[in-house]
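There are 2 protein chains.
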Amino acid sequence: MYRRLIAALTLFSLSASPAVTAEPSEALLREAAELRDLALAESDAWRHAASLSTEVGPRLAGSSGDRAAVAWALAYLDGFGFDTVIPQTVTVPAWERGEAELRITAPWPQPLVGVSLGLTIGTPADGIEAPVVRFESLAALEAATSAMVRGHIVFIDEKMERTRDGSGYSAAVAKRSRGPSVASERGAVATVIRSVGTSSERFAYTGTTRFAEGVRPIPAFALAAPDADMLARQVATGRDVLLHLYSTARQLPPARSANIIADIQGATHPEEIVILGAHLDSWDLSTGAQDNATGVAIVLEVARLIAARERAPARTVRVVLYANEEAGLDGSRAYTAAALEAGLRHVIGLEADAGAGRVYALNSGVGEEALPVVEAMRGVLAPLGIAGGDNATRGGADLSTLRDAGMPLLRLEHDMSTYFDVHHTVNDTLDKVDPETLRHAVAAYAAVTWIAANVEEDFGAYPETVPPVDPAASGN
Amino acid sequence: MYRRLIAALTLFSLSASPAVTAEPSEALLREAAELRDLALAESDAWRHAASLSTEVGPRLAGSSGDRAAVAWALAYLDGFGFDTVIPQTVTVPAWERGEAELRITAPWPQPLVGVSLGLTIGTPADGIEAPVVRFESLAALEAATSAMVRGHIVFIDEKMERTRDGSGYSAAVAKRSRGPSVASERGAVATVIRSVGTSSERFAYTGTTRFAEGVRPIPAFALAAPDADMLARQVATGRDVLLHLYSTARQLPPARSANIIADIQGATHPEEIVILGAHLDSWDLSTGAQDNATGVAIVLEVARLIAARERAPARTVRVVLYANEEAGLDGSRAYTAAALEAGLRHVIGLEADAGAGRVYALNSGVGEEALPVVEAMRGVLAPLGIAGGDNATRGGADLSTLRDAGMPLLRLEHDMSTYFDVHHTVNDTLDKVDPETLRHAVAAYAAVTWIAANVEEDFGAYPETVPPVDPAASGN
Chain A
0 MYRRLIAALT
10 LFSLSASPAV
20 TAEPSEALLR
30 EAAELRDLAL
40 AESDAWRHAA
50 SLSTEVGPRL
60 AGSSGDRAAV
70 AWALAYLDGF
80 GFDTVIPQTV
90 TVPAWERGEA
100 ELRITAPWPQ
110 PLVGVSLGLT
120 IGTPADGIEA
130 PVVRFESLAA
140 LEAATSAMVR
150 GHIVFIDEKM
160 ERTRDGSGYS
170 AAVAKRSRGP
180 SVASERGAVA
190 TVIRSVGTSS
200 ERFAYTGTTR
210 FAEGVRPIPA
220 FALAAPDADM
230 LARQVATGRD
240 VLLHLYSTAR
250 QLPPARSANI
260 IADIQGATHP
270 EEIVILGAHL
280 DSWDLSTGAQ
290 DNATGVAIVL
300 EVARLIAARE
310 RAPARTVRVV
320 LYANEEAGLD
330 GSRAYTAAAL
340 EAGLRHVIGL
350 EADAGAGRVY
360 ALNSGVGEEA
370 LPVVEAMRGV
380 LAPLGIAGGD
390 NATRGGADLS
400 TLRDAGMPLL
410 RLEHDMSTYF
420 DVHHTVNDTL
430 DKVDPETLRH
440 AVAAYAAVTW
450 IAANVEEDFG
460 AYPETVPPVD
470 PAASGN
Chain B
0 MYRRLIAALT
10 LFSLSASPAV
20 TAEPSEALLR
30 EAAELRDLAL
40 AESDAWRHAA
50 SLSTEVGPRL
60 AGSSGDRAAV
70 AWALAYLDGF
80 GFDTVIPQTV
90 TVPAWERGEA
100 ELRITAPWPQ
110 PLVGVSLGLT
120 IGTPADGIEA
130 PVVRFESLAA
140 LEAATSAMVR
150 GHIVFIDEKM
160 ERTRDGSGYS
170 AAVAKRSRGP
180 SVASERGAVA
190 TVIRSVGTSS
200 ERFAYTGTTR
210 FAEGVRPIPA
220 FALAAPDADM
230 LARQVATGRD
240 VLLHLYSTAR
250 QLPPARSANI
260 IADIQGATHP
270 EEIVILGAHL
280 DSWDLSTGAQ
290 DNATGVAIVL
300 EVARLIAARE
310 RAPARTVRVV
320 LYANEEAGLD
330 GSRAYTAAAL
340 EAGLRHVIGL
350 EADAGAGRVY
360 ALNSGVGEEA
370 LPVVEAMRGV
380 LAPLGIAGGD
390 NATRGGADLS
400 TLRDAGMPLL
410 RLEHDMSTYF
420 DVHHTVNDTL
430 DKVDPETLRH
440 AVAAYAAVTW
450 IAANVEEDFG
460 AYPETVPPVD
470 PAASGN
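The listed protein sequences correspond, in order, to chains A and B. According to numbering that gives the first Met the number 0, the first sequence is numbered sequentially starting from 0. According to numbering that gives the first Met the number 0, the second sequence is numbered sequentially starting from 0.
Warning: the hint list may mix true and false statements.
One copy or two, either will do: identical chains are not told apart, so a pair holds if it fits within one copy or between any two.
Here are the simulated lysine to aspartate or glutamate pairs, EDC-like style, with alpha carbons at most 16 Å apart [to be verified]:
| # | residue 1 | residue 2 |
| --- | --- | --- |
| 1 | Lys431 | Asp228 |
| 2 | Lys158 | Asp228 |
| 3 | Lys431 | Asp164 |
| 4 | Lys158 | Asp420 |
| 5 | Lys431 | Asp420 |
| 6 | Lys158 | Asp403 |
| 7 | Lys158 | Asp430 |
| 8 | Lys158 | Glu25 |
| 9 | Lys431 | Asp36 |
| 10 | Lys431 | Asp77 |
| 11 | Lys158 | Asp77 |
| 12 | Lys158 | Glu95 |
| 13 | Lys431 | Glu455 |
| 14 | Lys431 | Glu367 |
| 15 | Lys158 | Asp36 |
| 16 | Lys431 | Asp457 |
| 17 | Lys431 | Glu25 |
| 18 | Lys431 | Glu33 |
Please keep in mind that the hints were generated in silico from the structure rather than gathered at the bench. What you are looking at is a predicted structure, and each value in this text was computed from that prediction instead of being measured.
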């Protein structure tokens with residue numbers, strides 16, 4: 000089915016289009032402002048997030064919840080006015096969390112709240128018991144000798160900084176993505192990390208970890224912050240601290256999932272795609288309200304508003320609900336591979352995967368020639384209290400594969416100050432989502448999308464001058 | 000051993016004491032102010048709370064943690080300068096939480112975060128599955144007919160109000176203490192309640208429930224607030240909602256625990272006791288930092304400061320660390336029964352069991368003749384920003400048995416605005432305790448205790464004019 004869509008779009012790309020001025024017209028900016036105000040008054044993205052949370056719930060890639068989510072999306076999108084809705088089959092790894100039990104056995108026995116990190120192996124049936132060696136940070140572990148680590152359970156106690164732009168996360172997540180591998184290389188029998196995140200509530204954080212080529216996988220866990228505190232207090236007494244770890248986590252055979260690709264076909268440039276990305280999957284611990292039911296809700300509501308306009312956008316507005324962002328970006332890779340093969344033209348991408356905090360800036364990663372367009376977009380956003388931005392965004396995880404192929408990006412920055420209090424925990428639930436803030440976000444995304452889909456200017460290519468992120472630290 | 004103590008105190012009560020003025024002397028108020036300032040500068044109650052949390056952890060009455068807590072207390076009190084430390088054996092009920100699993104099975108399957116309520120029975124081995132009937136409040140359930148309830152799982156969705164003085168709790172807790180009994184009377188097969196508490200975090204709240212005479216016990220659970228929201232959203236669609244509940248909770252044979260009774264003997268009126276109460280036990284879900292390691296820490300630190308004074312207090316200052324406040328007040332009843340039998344004279348009581356929030360007022364429940372003394376105490380507290388109070392306190396749970404026997408009370412009011420966010424959940428951990436706020440509390444308790452233990456005035460009897468609380472709503 001996807002091939003059919005690609006064929007259709009490829010066909011359209013042969014048609015000629017009239018060249019016009021290089022900046023958004025006053026009329027277009029007025030339309031965008033109208034759409035912004037309409038969204039602010041009437042849009043209801045919360046309803047979509049509530050439906051996905053309530054009628055699907057947890058939806059880890061490869062699970063029955065994931066299949067339910069795909070079915071939900073195909074049925075739910077009926078009311079949104081899309082011209083086409085097509086599922087693209089994606090093969091995803093499947094993993095079962097099973098049970099986990101963590102406890103200190105000496106010097107002072109204490110049960111601990113912790114979870115297995117995503118995709119990691121379980122323990123032997125009678126668990127693992129070993130002495131703990133604590134490191135302040137991943138860097139301290141990297142500087143340690145095997146003699147210190149061998150036969151121990153490595154405890155990486157690094158804390159994460161709370162920031163509005165979420166930058167604390169990419170720094171902190173390295174201990175999760177690489178820490179267990181570094182520990183295993185030095186002979187550790189298991190790894191526990193202080194949960195990535197900013198909360199001191201008693202929730203443990205999940206997320207994938209990866210072992211470097213040739214490194215033996217070991218069980219890896221995250222402790223809730225108060226439990227990391229407890230372990231640290233016992234270690235600080237100077238006594239030998241023993242941990243007992245048990246987990247039945249295991250890989251399952253790969254499973255089928257799907258990207259959902261839904262188009263509002265462009266009236267004059269249907270071959271030019273403005274892509275709105277959000278991932279449909281979630282971790283298994285919660286209903287994934289902010290990660291990422293609200294992202295799904297925002298892009299769907301933007302599409303609904305655009306489909307309801309009197310005239311169709313000039314360019315095609317495509318919503319992609321991606322499969323398995325959380326545990327491997329399989330949906331992102333599958334979509335981009337097919338798109339590149341088909342020579343599809345994505346003029347610009349916008350991704351919603353940064354929670355439901357208030358939008359405060361518009362960043363971009365566009366060619367210099369398009370900066371006046373971005374500036375004009377900021378003008379339309381100004382009445383929402385959204386101010387400024389730079390041209391150095393790296394965007395979100397799902398659009399990173401298209402970005403790496405040169406696609407430029409726009410990014411509406413959500414205030415992430417409290418996002419990492421709930422992210423990847425059982426506590427990512429709908430009650431933390433403010434419908435008004437979500438409406439404000441939809442207004443911003445809709446205005447920006449409408450301009451992107453109608454401006455005659457091209458957005459150029461993703462700038463080569465944006466500094467790369469440390470690939471080890473990239474986390475989803 | 001307790002008998003020996005009683006004998007000793009009874010002996011002292013025969014000695015005569017000089018009668019002096021009816022109000023605290025300037026010198027006594029100066030001493031109290033000195034103690035207040037010393038405590039504010041130097042006291043370290045947090046260390047005691049950290050020790051109990053770290054070296055004992057959860058300590059539900061009758062559990063191994065409870066025995067460890069008693070042993071901890073007897074060892075730890077060595078450094079506090081008490082003249083005598085005596086354990087009073089108390090028989091307590093023992094209960095094992097076991098496992099619990101709660102899920103919606105129709106129309107949209109969802110796992111739910113919930114816990115068994117304290118002391119309740121488990122389910123059959125294959126669980127209970129039944130349709131849900133939701134009630135907005137306990138009152139609505141009480142107004143319901145058996146026809147509506149029979150064969151159903153009753154869901155009491157009542158919310159709790161956040162208040163500084165904690166008064167929202169006594170209103171909300173009735174759904175826990177009586178709700179399951181009321182549901183069973185009407186033919187329900189099980190009960191789930193929205194957790195008592197003010198948090199929307201995904202923590203479920205425990206606490207005991209009791210079945211009225213002749214009413215068949217049924218399994219009773221509490222759902223975390225986001226899970227109560229989820230259940231309510233599914234019910235609101237008008238579809239039949241099925242719940243599956245599983246629990247291995249069970250009663251164990253009664254066990255031995257102990258009150259720890261520790262005295263600083265009075266220099267001139269050793270037979271007159273100023274009692275400082277706090278319970279040593281906790282629920283099993285957490286280390287019970289605010290409920291009640293901090294209460295234990297406050298009264299111990301007050302005693303330490305008083306024992307270190309150059310002169311002993313005129314009256315005996317007695318710390319009682321009570322057994323099993325949480326699941327039945329057994330320690331309180333045992334202590335009071337023995338005290339009444341021995342004719343002990345408790346001139347006034349102060350209890351620390353309201354968390355670690357900032358102290359903002361001094362309430363009392365004393366004879367009218369003692370109100371000038373309370374007013375003088377307020378004068379010493381004023382520099383701490385502690386202002387006002389009334390003479391209508393009902394005090395805490397452990398001293399309620401002495402109060403019912405006529406003992407007057409003083410009560411330092413802690414700001415409880417956030418206390419019920421963590422109370423009786425896994426999230427009651429040490430990181431939420433501010434050492435500075437705790438030091439401020441110790442300063443207040445110490446100043447009040449010093450005056451109470453040295454003023455020549457008597458505090459009279461607990462006033463009969465204080466309105467009784469609804470016994471069904473009294474919760475611990």
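The hints, checked one at a time:
1. In this homomeric assembly, Lys431 and Asp228 come within 16 Å of each other (Cα to Cα) only across copies, at 12 Å, whereas the closest approach inside a single copy is 26 Å.
2. In this assembly of identical chains, Lys158 and Asp228 lie within 16 Å of each other by CA distance solely inside one copy; the values are 11 Å within and 32 Å between copies.
3. Proximity of Lys431 and Asp164 under a CA criterion of 16 Å is satisfied in neither setting, with 19 Å inside one chain copy and 26 Å between copies.
4. Taking the closest pair of Cα atoms, Lys158 and Asp420 come within 16 Å of each other only inside a single copy of the chain (13 Å); across copies the shortest separation is 24 Å, beyond that limit.
5. In this assembly of identical chains, Lys431 and Asp420 lie within 16 Å of each other by CA distance both inside one copy and across copies; the values are 11 Å within and 15 Å between.
6. Proximity of Lys158 and Asp403 under a CA criterion of 16 Å is satisfied in neither setting, with 31 Å inside one chain copy and 50 Å between copies.
7. Proximity of Lys158 to Asp430 under the C-alpha cut-off of 16 Å is restricted to the inter-copy arrangement: shortest distance 14 Å between copies versus 26 Å within a copy.
8. In this homomeric assembly, Lys158 and Glu25 never come within 16 Å of each other (Cα to Cα): the closest approach is 49 Å inside a single copy and 51 Å across copies.
9. Taking identical chains as interchangeable, the C-alpha atoms of Lys431 and Asp36 are never at most 16 Å apart, the minima being 24 Å within one chain and 42 Å between chains.
10. With identical chains, the CA atoms of Lys431 and Asp77 are never at most 16 Å apart, being 28 Å at best within one copy and 47 Å at best between copies.
11. Taking the shortest Cα distances, Lys158 and Asp77 never come within 16 Å of each other, neither inside one copy (45 Å) nor across copies (37 Å).
12. Proximity of Lys158 to Glu95 under the C-alpha cut-off of 16 Å is found in neither arrangement, the shortest distances being 28 Å within a copy and 35 Å between copies.
13. Proximity of Lys431 to Glu455 under the C-alpha cut-off of 16 Å is found in neither arrangement, the shortest distances being 39 Å within a copy and 55 Å between copies.
14. When the C-alpha separation of Lys431 and Glu367 is checked against a cutoff of 16 Å, the pair qualifies neither within a copy, at 38 Å, nor between copies, at 49 Å.
15. Taking the shortest Cα distances, Lys158 and Asp36 never come within 16 Å of each other, neither inside one copy (41 Å) nor across copies (35 Å).
16. In this assembly of identical chains, the alpha carbons of Lys431 and Asp457 never lie at most 16 Å apart, being 38 Å within a copy and 53 Å across copies at closest.
17. In this homomeric assembly, Lys431 and Glu25 never come within 16 Å of each other (Cα to Cα): the closest approach is 38 Å inside a single copy and 54 Å across copies.
18. Taking the shortest Cα distances, Lys431 and Glu33 never come within 16 Å of each other, neither inside one copy (29 Å) nor across copies (47 Å).
In the structure shown, a violation is registered for the earlier hints numbered 3, 6, 8, 9, 10, 11, 12, 13, 14, 15, 16, 17 and 18, in ascending order.
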